[in-house]
Amino acid sequence: NAGVTQTPKFQVLKTGQSMTLQCAQDMNHEYMSWYRQDPGMGLRLIHYSVGAGITDQGEVPNGYNVSRSTTEDFPLRLLSAAPSQTSVYFCASKLGQAGYSPLHFGNGTRLTVT
Amino acid sequence: KQEVTQIPAALSVPEGENLVLNCSFTDSAIYNLQWFRQDPGKGLTSLLLIQSSQREQTSGRLNASLDKSSGRSTLYIAASQPGDSATYLCAVATGTASKLTFGTGTRLQVTL
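These protein sequence lines map, in sequence, to chains A and B.
My numbering numbers the first residue of the first sequence as 1 and each following residue consecutively.
My numbering numbers the first residue of the second sequence as 115 and each following residue consecutively.
Please note that the accuracy of each hint is not assured.
Once the Cα atoms are required to be at most 20 angstroms apart in a straight line, the calculated DMTMM-like pairs of lysine to aspartate or glutamate come out as [unchecked claim]:
hint, chain 1, residue 1, chain 2, residue 2
1, B, K156, A, D26
2, B, K213, A, D56
3, B, K115, B, D141
4, B, K213, B, E117
5, B, K213, B, D141
6, A, K9, A, D73
7, B, K182, B, E117
8, A, K9, B, D153
9, B, K182, B, E170
10, B, K182, B, D141
11, A, K9, A, D26
12, B, K115, A, D56
13, A, K9, A, D38
14, B, K213, A, E59
15, B, K156, A, D38
16, A, K9, A, E72
17, B, K213, A, D38
18, B, K213, A, E30
19, B, K115, A, E59
20, B, K156, B, D198
It is worth saying that the hints were derived from the structure and are not from the lab.
My request is simple: use the sequences and hints to build the entire structure.
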């Protein structure tokens, strides 16, 4: 049981380049989300999805796009990377929206934009 | 807007000591509160989840309490071990179970 898998682990981009961070889970979780972690700021929610075909914005959505075509996958797209998007990105999933369901995290993607 | 604060930012204790980590939040209308552990270069691992109707949860040497009226939670670690060294984060779900607000964490070091 792999849990939540994120690829790549590390990525360096130049300003203006685009890329997709991949996230897949094999736990049949309905809920998936993306967070970014920056020093001194804690984790902040970028986008989330409560099921296939449904996405919504979190606290810091600007500059990021998501889609959810399957239950298993929730990719995060950077259309035109900026240095302010240098961060560690975490994908997380949980079983439905119930308040008793804990969040499961991937190991993160460390992104540097030069 | 919910704000979550964790004090202290860092803590060093000798092995075997019992310790308490603190988490405070500004909006008491929460769905749940979760405590996570993060090892360097890794993702977060869920330790305990307390629903809004509960006062505490226990798992092994860990005990988390929740006082919604005062906006506080504590994570108690009994008989600390060097393997407990990590960053501990708390997060609250407010208004909906779908959005978590995280604190910045307490970095714990347990020394031999």
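Problem set entry | Hinted pair K182 of chain B and E170 of chain B, Cα distance within 20 angstroms | holds, 11 angstroms
Exercise. Within 20 angstroms, alpha carbon to alpha carbon, are K156 of chain B and D198 of chain B?
Worked result: holds, 15 angstroms
For this session: Mind checking the alpha carbons of K213 of chain B and E30 of chain A for me, to see if they're no more than 20 angstroms apart?
Result: holds, 14 angstroms
Exercise. Do the alpha carbons of K115 of chain B and E59 of chain A lie within 20 angstroms of each other, as the hint requires?
Worked result: Distance ~11 angstroms between K115 of chain B and E59 of chain A Cα, so the pair holds.
Exercise. Between K9 of chain A and D26 of chain A, does the CA-CA distance stay at or below 20 angstroms?
Worked result: holds, 19 angstroms
For this session: Decide if the proposed pair is consistent with the structure: K182 of chain B and E117 of chain B, CA atoms, cutoff 20 angstroms inclusive.
Result: holds, 14 angstroms
For this session: For the pair supplied as a hint, K182 of chain B and D141 of chain B, confirm whether the alpha-carbon distance does not exceed 20 angstroms.
Result: Holds, at roughly 9 angstroms.
For this session: For the pair we were handed, K9 of chain A and D73 of chain A, check the Cα-Cα distance against 20 angstroms.
Result: holds, 17 angstroms
Problem set entry | Pair hint outcome, K213 of chain B versus E59 of chain A [Cα-Cα no greater than 20 angstroms] | With Cα atoms ~9 angstroms apart, K213 of chain B and E59 of chain A stay inside 20 angstroms; holds.
Problem set entry | Hinted pair K213 of chain B and D38 of chain A, Cα distance within 20 angstroms | This hinted pair holds, its Cα atoms lying about 18 angstroms apart.
Exercise. Does K9 of chain A pair with E72 of chain A here, judged by a C-alpha cut-off of 20 angstroms?
Worked result: Holds, at roughly 19 angstroms.
Exercise. Straight-line Cα separation of K213 of chain B and D141 of chain B no greater than 20 angstroms?
Worked result: holds, 14 angstroms
Hint violations for this structure: none, all hints satisfied.
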